[in-house]
Amino acid sequence: MYGSDSCGEGIITPEDNKAVQTEIQTHKAKIDGILTPGEVQQIRKKLKLKQKEASDIFGDGVNAFNRYENGINPVPKPFSLLLTILKNHPEQLRELISLEKNRVS
Numbered sequence: 001m002y003g004s005d006s007c008g009e010g011i012i013t014p015e016d017n018k019a020v021q022t023e024i025q026t027h028k029a030k031i032d033g034i035l036t037p038g039e040v041q042q043i044r045k046k047l048k049l050k051q052k053e054a055s056d057i058f059g060d061g062v063n064a065f066n067r068y069e070n071g072i073n074p075v076p077k078p079f080s081l082l083l084t085i086l087k088n089h090p091e092q093l094r095e096l097i098s099l100e101k102n103r104v105s
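In my numbering, the protein residues as written are 1 to 105.
A couple of the hints might just be wrong.
Claimed, not checked - Taking lysine-lysine and the PhoX-like style, the derived pairs with C-alpha atoms no more than 25 Å apart in a straight line are:
1) Lys-77 with Lys-46
2) Lys-87 with Lys-48
3) Lys-52 with Lys-101
4) Lys-77 with Lys-101
5) Lys-101 with Lys-30
6) Lys-18 with Lys-52
7) Lys-50 with Lys-18
8) Lys-101 with Lys-28
9) Lys-28 with Lys-46
10) Lys-87 with Lys-45
What the hints assert, rightly or not - So the derived label-pair ranges between C-beta atoms look like this:
11) Asn-17 with Lys-87: 26 to 32 Å
12) Glu-95 with Gly-61: 20 to 26 Å
13) Asn-102 with Lys-48: 17 to 23 Å
It should be emphasised that the hints constitute simulated quantities derived from the structure, not laboratory data. Note that the structure is predicted; figures quoted are calculated from it, not measured. Ideal Cβ placement from N, Cα and C applies to all residues, glycine included.
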């Protein structure tokens, strides 16, 4: 944030806004019992997926994981539960990918 000490006013930069948004989503997630933005990113990396790959597999749009990981959008509870299961049982990702491929073809 850039500001003036004399008048007490300031300008919030996009970087400041992004950091605040991520913090807000992190605290909301903890209260709501869903994954935080950081946890979503950790699970995606544990599954060895890029954001676009994860969005393709799980749906919800091409930039869904970017929005979740940056705290722009909260993670829906069912999706949070699915990611938690995959965190504990990463071998289930293959089955999920297979189901998605069969659904599309």
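Is Lys-87 close enough to Lys-45, meaning Cα to Cα at most 25 Å?
10 Å, holds
Can the restraint linking Lys-28 and Lys-46 be considered satisfied, given a maximum Cα separation of 25 Å?
23 Å, holds
Holds or violated: are the alpha carbons of Lys-77 and Lys-101 at most 25 Å from each other?
Distance ~24 Å between Lys-77 and Lys-101 Cα, so the pair holds.
For the pair supplied as a hint, Lys-101 and Lys-30, confirm whether the alpha-carbon distance does not exceed 25 Å.
33 Å, violated
Distance restraint evaluation - Asn-102, Lys-48, Cβ atoms, bounds 17 to 23 Å:
22 Å, holds
25 Å Cα cutoff - pair Lys-18, Lys-52
Answer holds: Lys-18 to Lys-52 is near 20 Å, not above 25 Å.
Pair hint Lys-101 and Lys-28, alpha-carbon separation not exceeding 25 Å:
The given pair, whose Cα atoms are some 34 Å apart, is violated under the 25 Å limit.
Could you grab the alpha-carbon distance between Lys-87 and Lys-48 and see if it respects the 25 Å cut-off?
Judged against 25 Å, a Cα distance of about 11 Å means the pair holds.
Run the distance test for Lys-77 versus Lys-46: straight-line Cα separation, threshold 25 Å.
20 Å, holds
Between the beta carbons of Asn-17 and Lys-87, is the distance compatible with 26 to 32 Å?
29 Å, holds
Against the range 20 to 26 Å, how does the distance between the Cβ atoms of Glu-95 and Gly-61 compare: consistent or not?
23 Å, holds
Straight-line alpha-carbon gap Lys-50 to Lys-18, limit 25 Å
Holds. Lys-50 to Lys-18 sits at ~21 Å (cutoff 25 Å).
In terms of the numbered hints stated before, the structure departs from hints 5 and 8, listed from lowest to highest.
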